[in-house]
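Number of protein chains: 2
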Amino acid sequence: MANEKKQVEQITDMEVDFAKWYTDVCKKAELIEYSSVKGFFILRPYGYAIWENIQTELDRRFKEAGHENVYMPMLIPESLLQKEADHVEGFAPECAWVTMGGSEELEEKMCVRPTSETLFCDHWSKVVQSWRDLPKLYNQWCSVLRWEKTTRPFLRHREFLWQEGHTLHATAEEAMAETEQQLEVYADLCENVLAMPVVRGVKTEKEKFAGAEYTYTIECMMHDTKALQSGTSHYFGDGFARAFNITYTDKNNQQVCPHQTSWGLSTRIIGGIIMTHGDNNGLVLPPRIAPIQVIVIPIAQHKAGVSERARELVERLKAAGIRVKADFSDNSPGWKFAEYEMKGVPLRIEIGPRDIENNQCVAVRRDNGEKLTVALEELEERVPQLLDVVHKGMFGKAKKNMETHTFTASTVEEVKEIIETKGGFVKTMWCGDTECELAMKERAGVSSRCIPFEQENLGDKCVVCDKPAKTMVYWGVAY
Amino acid sequence: MANEKKQVEQITDMEVDFAKWYTDVCKKAELIEYSSVKGFFILRPYGYAIWENIQTELDRRFKEAGHENVYMPMLIPESLLQKEADHVEGFAPECAWVTMGGSEELEEKMCVRPTSETLFCDHWSKVVQSWRDLPKLYNQWCSVLRWEKTTRPFLRHREFLWQEGHTLHATAEEAMAETEQQLEVYADLCENVLAMPVVRGVKTEKEKFAGAEYTYTIECMMHDTKALQSGTSHYFGDGFARAFNITYTDKNNQQVCPHQTSWGLSTRIIGGIIMTHGDNNGLVLPPRIAPIQVIVIPIAQHKAGVSERARELVERLKAAGIRVKADFSDNSPGWKFAEYEMKGVPLRIEIGPRDIENNQCVAVRRDNGEKLTVALEELEERVPQLLDVVHKGMFGKAKKNMETHTFTASTVEEVKEIIETKGGFVKTMWCGDTECELAMKERAGVSSRCIPFEQENLGDKCVVCDKPAKTMVYWGVAY
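Just so you know, the protein sequences line up as chains F and P, in that order. Number 24 in the numbering used here belongs to position 24 of the first sequence; there are no gaps in the numbering. Number 178 in the numbering used here belongs to position 178 of the second sequence; there are no gaps in the numbering.
Source of the hints: derived by calculation from the structure; they are not laboratory data. Wrong hints could be hidden among the right ones.
[To be verified] Under the rule of at most 25 Å between Cα atoms (straight-line distance), these lysine-lysine pairs were calculated in the DSS-like manner:
(1) P:K27 / F:K126
(2) F:K38 / P:K126
(3) P:K27 / F:K63
(4) F:K136 / P:K27
(5) P:K27 / F:K149
(6) F:K126 / P:K20
(7) F:K318 / P:K63
(8) F:K63 / P:K325
(9) P:K38 / F:K109
(10) P:K38 / F:K126
(11) P:K28 / F:K126
(12) F:K63 / P:K28
(13) F:K28 / P:K136
[Claimed, not checked] Partial list, derived from the structure: chain F residues whose beta carbon lies under 8 Å from chain P:
(14) I42
(15) L80
(16) W97
(17) V127
(18) V477
Positions of the beta carbon are idealized from the N, C-alpha and C atoms, including for glycine.
With the hints as constraints, model all of the structure from the sequences given.
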């Protein structure tokens, strides 16, 4: 039993040091490895498989809504990046610059894309002529570079994987509807696939994307009650189109500017999954994206019939569309339990001689440790049901964490006290001025997470300046 | 009818100027667009969809053979690239170098990966300890940069998409078997999915991958009889492992070096598809990767029942797992025929009032223009059969082109004459010396394509130097 103890001991207790617990889980569950390239991480097979499952879920939703995948150049000449003033100001400081090709100095330096608005716009300025060419509903799966000073697995890398959707529409209304629709795709992914409840809202002027008219966001609460911005969807109006001279001939034969959106979700969300659901035994993966949904562990596997029956279970579950594996290694069952708990496998199925006698197996939920007896003849029916129960259990637990850590306040001091003693999200009224937002950061240590779509009337004065309030805002400490 | 004429006229006749025909097809079929970034291309939705279908086919084969996807950093510090001497010599001259992060000069410049052997090795040197950690069977889907002087759609870009497989094995035998197995995966893809016959063989010393002990290749013949290297698989022995100090403890408790392979296939293959199968009406896509396998064109679509029946056909074919679309636009049927011929859709289905009366539709093969009548009740049965027939027809045509343009020669002058008058592949005996290979290039204008696995004894002397021959070689002019 020394082994399994060792396995578990190797991760820091989350109540002792959440940050350390987090990096321990990333490494011990073999999601990620540090690389010799400073600030860059390696996505190992288990971590990448989670991303692939997220990709499959998102890609299907994108395509069902008529989007098409494309691929744009990885490099952006400086002059192209500079075409939209706010955009270059936001991104240039964190660009990695290519200045040499082979042994020759480039005439113009190029950055490795931090995001690709400028490339899509440049392309559209050449291929869009008529209202018949609209809408353009594009998406790109790729990696991007942002030259961060400090890095952290999944949450902040100099390189990360993401998808960036870019769409161009004849009218502002259509583009706004797209912005909203795609935020809803992200919210659906989070809630119904990743079991992560979200707050939907709009970013403040200060927090919006560089070059956007407005940015929609979904904000999640991690187990330590800090916030994670999990997906954003931007409405650009015709700002980029004007900067890049994109026009089209409308049905009345007039030359007009189209309207644009972009939206992105990255491997950062995997950090969100870990910090929302994980516990002191390691990772807890939402069943709908878990690379292994069920691990079958034979008990007393050298006894007659055990391995055979375990293999049978695997084949039957595979045939039922479940991502399933069995572990027939020589490690002890206890060691295996700890191993697959660390890896967050949602359901463990144990089968031993006694179970076989009784025509049953034992299913153990990763999320709460509950043990259930499953009749072998009901396997294909019960296992998918149990995976759904685990999903709902995880969602419920995360939602409860968010609800019990969402507070209201009517003074800055109150916000500060709540954040320092309880953490979480604090809702207050706000006048809409960036100065008050900065003051809140300064005095209470929180940033605005979003102006939620679901507004409440908590009063009529701004919590900072006492001037008339415009909206209710969520504040919090963010990753 | 002016429109469809225009559509067809816009591409150059392939017999007049094959290179121009090729770029015309790439653009007119909307596969690719030139970008403002010199030497970089944009993969448009239709071109990217072909790549996605190739990815799906390959990824399934990789995973079935136990490979796992991972993601390594995009940047390689110069010192890491330099660790294997042959490798850096081969790749450094065509690297793009990042020298600045944000506004700061980097201490060490980093290249955007031209290939990732060095990163995989660096990672393995940290995580591989015991024979239990082997084999590592990894694959990565990504884009790479190579700073080419001249570029051409799909065939030569400064950036291209590819997969690079990297594997590490306990024994040389196992690694050699992997090298062979993965070449066979590429050959299977080409022949059974892309309808492109291949010659399998090993590259000469001169043509092998920088750092490899040997390189296996599949070579295809384009319609103009030039060669295209379509996929390569490299055996590294323990060269990289030694350079990167990768060792493991074997079952006898000895520290030993593992053996390594890598293998890659890129978007270049799409250029191969175009040049193998295309004709003067545009693209001809192999049915198994065509984004649209069947296009349904209603004839006299405003007549009662036509659109409804056309929609019905689409729904039935979709339900049967066919990638199908209908075109209900106001363009004339003739315009639509030309449009989808340009896009290479393998099968066109026409349905008009007369067809409906007779409970039938008309199927037209893209590869040879053959028209067939299909009873509506047999639709789900016949269409997949017809797609298979098209695949076989395309493969047979390409194979015939290769066979009728493969010659044997016993003097350099003969090789030269064949290449200049007929083109194609020329088989000769060869002594194995690089000098004779260079002489052949100099005097006959051909490079060695490969030493085929299927050897023939054409004589006992080298075609260049008359010394004893070691092997038979394929020569040709390559893209």
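Which numbered hints are broken by the structure, listed smallest first?
Violated hints: 5 and 18; rest satisfied.
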